[in-house]
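Take these sequences, add in the hints, and give me the full structure.
These protein sequence lines are chains P and E, in that order.
Per the working numbering, residue 1 is the first one in the first sequence, and the count goes up by one each step.
Per the working numbering, residue 378 is the first one in the second sequence, and the count goes up by one each step.
Keep in mind the hints are simulated off the structure, nothing from the lab.
Just to be clear, a hint being listed does not mean it is correct.
Claimed, not checked - Simulated coverage check for chain E against chain P, where a stretch passes if three residues somewhere in it have a Cβ under 8 Å from a Cβ of chain P:
#, segment
1, 408-417
2, 421-427
3, 451-463
4, 671-682
5, 705-712
Stated by the list, open to error - If you want a taste of the chain E side facing chain P, the calculated C-beta under 8 Å gives, among others:
#, residue
6, N405
7, K574
8, Y692
9, Y696
10, M702
All values reported here derive from a predicted model rather than from experimental measurement.
For glycine and all other residues, C-beta sits at the position ideal for the given N, C-alpha and C.
Protein chains: 2
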Amino acid sequence: MLRFIVENESTESKARAGKLFTARGIINTPVFMPVGTQGAVKAISNRFLQEHGFDIILANTYHLYLRPGMDVIRKFGGLHKFINWSYSILTDSGGYQIFSLNELSEIDESGVTFKSHIDGSKHFFSPEKVIEIQKIIGSDIMMILDHCPPYTSERNLIIKSLELTRNWAERSKIAFNKMINPEIQSLFGISQGGMYKDLREQSLYHLLKLEFDGYAIGGLSVGEPAEIMYEICDFSTDILPKTKPRYLMGVGTPENILNAIMLGVDMFDCVLPTRNARNGQLFTTKGKINIKNAKYKFDDSPIDENLDNYSSREYSLGYLRHLFMSGEIAALQIATEQNLAFYKWLTEEARKKIIDNQFMVWKDNLIRNFVDYKNDV
Amino acid sequence: MLRFIVENESTESKARAGKLFTARGIINTPVFMPVGTQGAVKAISNRFLQEHGFDIILANTYHLYLRPGMDVIRKFGGLHKFINWSYSILTDSGGYQIFSLNELSEIDESGVTFKSHIDGSKHFFSPEKVIEIQKIIGSDIMMILDHCPPYTSERNLIIKSLELTRNWAERSKIAFNKMINPEIQSLFGISQGGMYKDLREQSLYHLLKLEFDGYAIGGLSVGEPAEIMYEICDFSTDILPKTKPRYLMGVGTPENILNAIMLGVDMFDCVLPTRNARNGQLFTTKGKINIKNAKYKFDDSPIDENLDNYSSREYSLGYLRHLFMSGEIAALQIATEQNLAFYKWLTEEARKKIIDNQFMVWKDNLIRNFVDYKNDV
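As structure tokens, this is what we get:
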């Protein structure tokens, strides 16, 4: 069983600092997990993550199942060996991708039939099959197959969707108990229910009864205003037990993450830092900047001297701008390293401040600075 | 003045092992210089080159003059600081790029008027201006402005082109003597003359009279058969003094490089290893491979275990293939690192074998193996 301890609880908020123990190491929380959908975080080599001290990355069951395929992953003895990564991996179940990449997917209680976005071939995922796939992948933390309805769905559709998610959660847990060695792999439940608190409550209590190793808050950051996201998040962490890790899926901006940490969330993943890096938007300890802006043309200051990261300290803003303007691939790599190093710094600083009971002042200052200083994006 | 010593001359061939001393360090020859046209070698960060022990890289005067522009390079105190590179830089003069990227460039004895391939703006390069630009760049080794006629040119056109190159060479040397501190920067002449030995001879003796720090063989690898390239190269190194470094511009395949080393060439540059890497063609110590080939799908052997390079030893052929098939940017980075590490290994091994007087047997074996083994490209 996945061990989790809360080391410090903030007296000023619901924020907490903890430790997650997987078979592959200890993960300090709050933690941000870089997204390596296809077994690689976009624009960098896994070597950077390994050297820069990331303890856990995220990969995607749906994508890996389609390519390279389970025969390859099995031959290599699991995803860790395939991608040369020795720390923890959490795999998303792929539910979200199936529904967002396949408009023609057919869902019934048994599972979902979908067409590959690569070659159009037909496939079927059941809750049980998703557990089986994640067993082959060797995920340290697996996620259940869930159904995430669009933000704009009517209440009755969300109720139907939640019934499916609940049914699948039960079957996932049964399959996990049957197939998996819980000393090696663990399973998180995913709560849904749209923006309706009564449905969220139902979903959460149902998951708690099934006893998962951790609990994810799914179906947020799907287009709703940030205030509603925080409200559902706050409501959810009030119900969730303090003794288990909480994971807010697909979130978000530095501000979102800090506010969710305040609300008691421990784990995060998001494509934002890597995707924005490739568009030239940098997150730095001094604020957000758009590196393509002409004002950086002559700027010989380091990208971010406050981060302990080669690219951040050794390359200048002016050089990185030149690489972007010239269409050099190195631009994407250096910007991605900067943004990931920043996200790592962000959660590590948050952790320190929680332990020192100074989280709230620090958070509010940082968000304010982040908005004011060099905010040219 | 650029110091160069020949440490070992092969008794079996014209191959030699030497040392080049610039203000920024010692360069063992034969040497391959990775091409960083715009101040970055494509698909990698300069950190890789710095860590992997490259002593010299090549950049391009024409490209850097247009972007980021000399005002930026001057503000940063030269190219080395701008790109965060502490070892030597050789800059090509840009002549080749002006003629290949600008079909409408206008040449007369004074220089060449051309339009920027970026924004169409009009510019003028004279031999003197090219020296001035390379002074601002801070090139350890500068190249003169030359004119490289197409391979298919008639003899009378090549004669005219050579007259221009000779005139420009003289003016380049005068400008260099007037403007440059020869303790810090040095200047190479470039020989031309198409595939005509009498014109090559004229060109070489003219350059020798002007006394450059080193001599480049230009206008080869422009479409002619390899045998003709070797013949002109052989003919040229017979004329060139043994005491000066010889640079064969824009060459080439591993086989080309080994054969040219045999003919007494010391320095090389080529986009081949980096460009081919981005297309999935790898050079390894076991031969050439096309990593996209289906036969590597399940191959868990390292990309190249004989190279002392992280990517080569830690990532498998199967994983690299997956990255290419999935369109991941990391594929380009890892493949580029492999090919550059291979080219470095190739020239370093050649050097060792020259010193041990075993170059010829080693070269012939390597070329044979290279053609036979795993040759699926």
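Structure-based check of all given hints:
| no. | hint | in the structure |
| --- | --- | --- |
| 1 | 408-417 | holds (count 3) |
| 2 | 421-427 | holds (count 4) |
| 3 | 451-463 | holds (count 6) |
| 4 | 671-682 | holds (count 3) |
| 5 | 705-712 | holds (count 6) |
| 6 | N405 | violated, 25 Å |
| 7 | K574 | violated, 40 Å |
| 8 | Y692 | holds, 6 Å |
| 9 | Y696 | holds, 6 Å |
| 10 | M702 | holds, 7 Å |
Violated hints, listed in ascending order, are 6 and 7; each of the other numbered hints is respected by the structure.
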